[in-house]
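Colleague: Now for the letters of each chain:
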Amino acid sequence: MAAQKRSIKELTMLNNDPIDGVEIDHDDKDMLTWKITITGLEETPYEGGTFILHVTFPNDYPFKAPVLSFKTKIYHPNISNDDKGSMCLGLLRPDSWKPSTRMTTVLAFVKQILTTPEPDEAIEVNIAKEFKDNNKEFTKKAKEWTKKYAKR
Amino acid sequence: MDSDDEMSGLSSQDDFRGDLDSDGGSLGSAFDDEDEPDVGFSQDKEIVKHKKRSYEVEYSIYGPADIQAQQDKQVEEVSQILGQPVAASAILLRHLRWNKERLIESYMERQEAVLDIAGLGSGSVQSPRTHVMKNFTCTICYDDEPGTTTYALKCGHRYCVDCYRQYLATKIQDEGEAARIQCPTQDCHQVVDSKSMDLLVTAELKARYEILLTRTYVDDIEKLKWCPAPNCEYAVQCEIKPRELSRIVPTVECACHHRFCFGCTLQDHQPTPCMLVKKWLKKCEDDSETANWISANTKECPKCQSGIEKNGGCNHMTCRKCKHEFCWICMGLWSEHGQSWYNCNRFEEKSGVNGRDAQAKSRAALDRYLHYYNRYATHELSAKLDKDLYVKTERKMINLQAASGLSWIEVQFLDTASKALQQCRQSLKWTYAFAYYLKRNNMTEMFEDNQKDLQMAVEALSEMFEKPVTELKPLKVEILDKTAYCNKRREILLEDAADKLKKGEQLFREN
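Chains as they are written, first to last, in full-length UniProt numbering: chain A, 1 to 152; chain B, 1 to 511.
Be aware that a few hints might be false.
[Unchecked claim] Below, a sample of chain B positions facing chain A; criterion: calculated Cβ distance under 10 Å:
# : residue
1 : 139
2 : 140
3 : 143
4 : 169
5 : 170
6 : 175
7 : 180
8 : 185
9 : 186
Hints are computed from structural coordinates only; laboratory data are not their basis.
Since this is a predicted model, take the numbers as computed values, not measurements.
The C-beta atom is built at its ideal place from N, Cα and C for all residues, glycine as well.
Given the sequences, and given the hints that come with them, work out the whole structure.
Modeller: Here you go:
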């Protein structure tokens, strides 16, 4: 119940004070799953793309971190290149998660990671290596994927 | 000064014995005295009795109470030196991973900064208490009922006690976290101290918290390691440093009798050094597809081709059907395995000519690997089979005792023999990984001679061990002799290998 209540509260706060380029959608019957649409930021390889991200709140939320899952395929060192599209770094890591962390902070963090990947905390090591050693190639591939998978 | 005493108190038995007079009251001595009767005493005494062999290392074993006492004593001392309360001192020590000298030094230099980084903040210390608030909204659960009981650490970030409790319970129970649980606020690094725990969590959780704290203590200290055996609560202390691991294979035996390598905590893998063990296991994993057929438990009789399943540890096989006698390892005639003919531990590298083209080369590399892997895997399996056989035999022995007129004590020679077989096969198994990486030279020859001797001794004992129970009684003396001989051969092999490793000679192939 606590998870439900907190999630509603978070939603209200985000509705009152929305984040640029981030839309939140949800099913009234299931407040523990949010469907989020993020618009790729300008001057990043994700520009022009629209990325769908599901946020699932575990039953013991906010004592456990929300689970993030990209439904749109994305070429990024910190997002797993599988059917889960999971993102788990920084404040989202189980040992770093604090129950007082608000969803505004989480979503702002996601936006920031999309702009500035963290190759040292990569989940996709090969992409991270490319990002560091051959950034041109990385940007090219990330743009291709955006075009292929993230165009509306 | 105090810290010097402490260090010697925690150091190896050797040091402790060395300055027994001056340091009689130290931790080390207290533990040794206490533990002698029930902990690891047998091998401790043995080490004292015979001179330490080159493949043996010094170590001590500590039980849960010893470890707790060690921690308490250090916390107490630091608390007195720094003038900080015990709870805070414990946090400081844990933060600096129990490096007392470094803590005291940096604390003296920049007290504020150290307290801050350790999550203690500054300001006066008062005993923690909860507050009932009239107008309060908890930013975790967003409850705003009047009269909520709340709690905050020194940082002042206040939450309702229910949320605080659940937060701590999640951390302790689900995540196994203890020493580094911080305030629930994003970016606040204030650490939840032991007194706050007392105030907030149940006795049951507190007990779990203490266990976890002890665990991190051992994890934090390089020279302490938990025994990896399931449910074992002992920790082993050994002075071997990670950088020494290419030259020493520090095998220790816990009070629970589990023998493991202090370097990598894998099961005893003498004489092979940790890095080669890692490489070998990786290789076996990678090549398992190719080597699958080897692990199959059956082979065909080389003469009549009937399927044979191995049911004992001995590698001298006699086909039930055609009575053909052969060696399980090389499938050659057993009669050729007489004293001077025994060479099935040795891989004969076929010389130059057919190794020319790439395909032949890779084929040869595979053959070479399979040769060693085959023997490695065989001894692993045989050790298990020997053990199973002993369990079966033990059961029979109980029935036999009355008939044979031997007392239970007298039949213990089988137990001794079984243990020797286990240990020798464990070492023998790893000699094949060792040999796989060895360079070919005179020293290799010597190693393989030792390997051959040990293998022959083990197979001879193993064969006797498989005799029907009724025939075992007259064999007692011989089995005892063979057991002693096996142990001796193992010592010689390990000693030779350890000596060479220690000298740091270029023993191994490059890749």
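Colleague: All hints are to be evaluated individually against the structure, with a verdict given for each.
Modeller: Verification of the hints:
1. 139: 5 Å, holds
2. 140: Holds - the Cβ of residue 140 of chain B comes within 10 Å of chain A, reaching about 5 Å at its closest.
3. 143: Holds, because the Cβ-Cβ distance from residue 143 of chain B to chain A comes to roughly 8 Å (cut-off 10 Å).
4. 169: 8 Å, holds
5. 170: 4 Å, holds
6. 175: 6 Å, holds
7. 180: Since the shortest Cβ distance to chain A is 8 Å, the answer is holds.
8. 185: 5 Å, holds
9. 186: With Cβ-Cβ at 5 Å, under 10 Å, it holds.
When the structure is compared with the earlier hints, no violation turns up for any of them.
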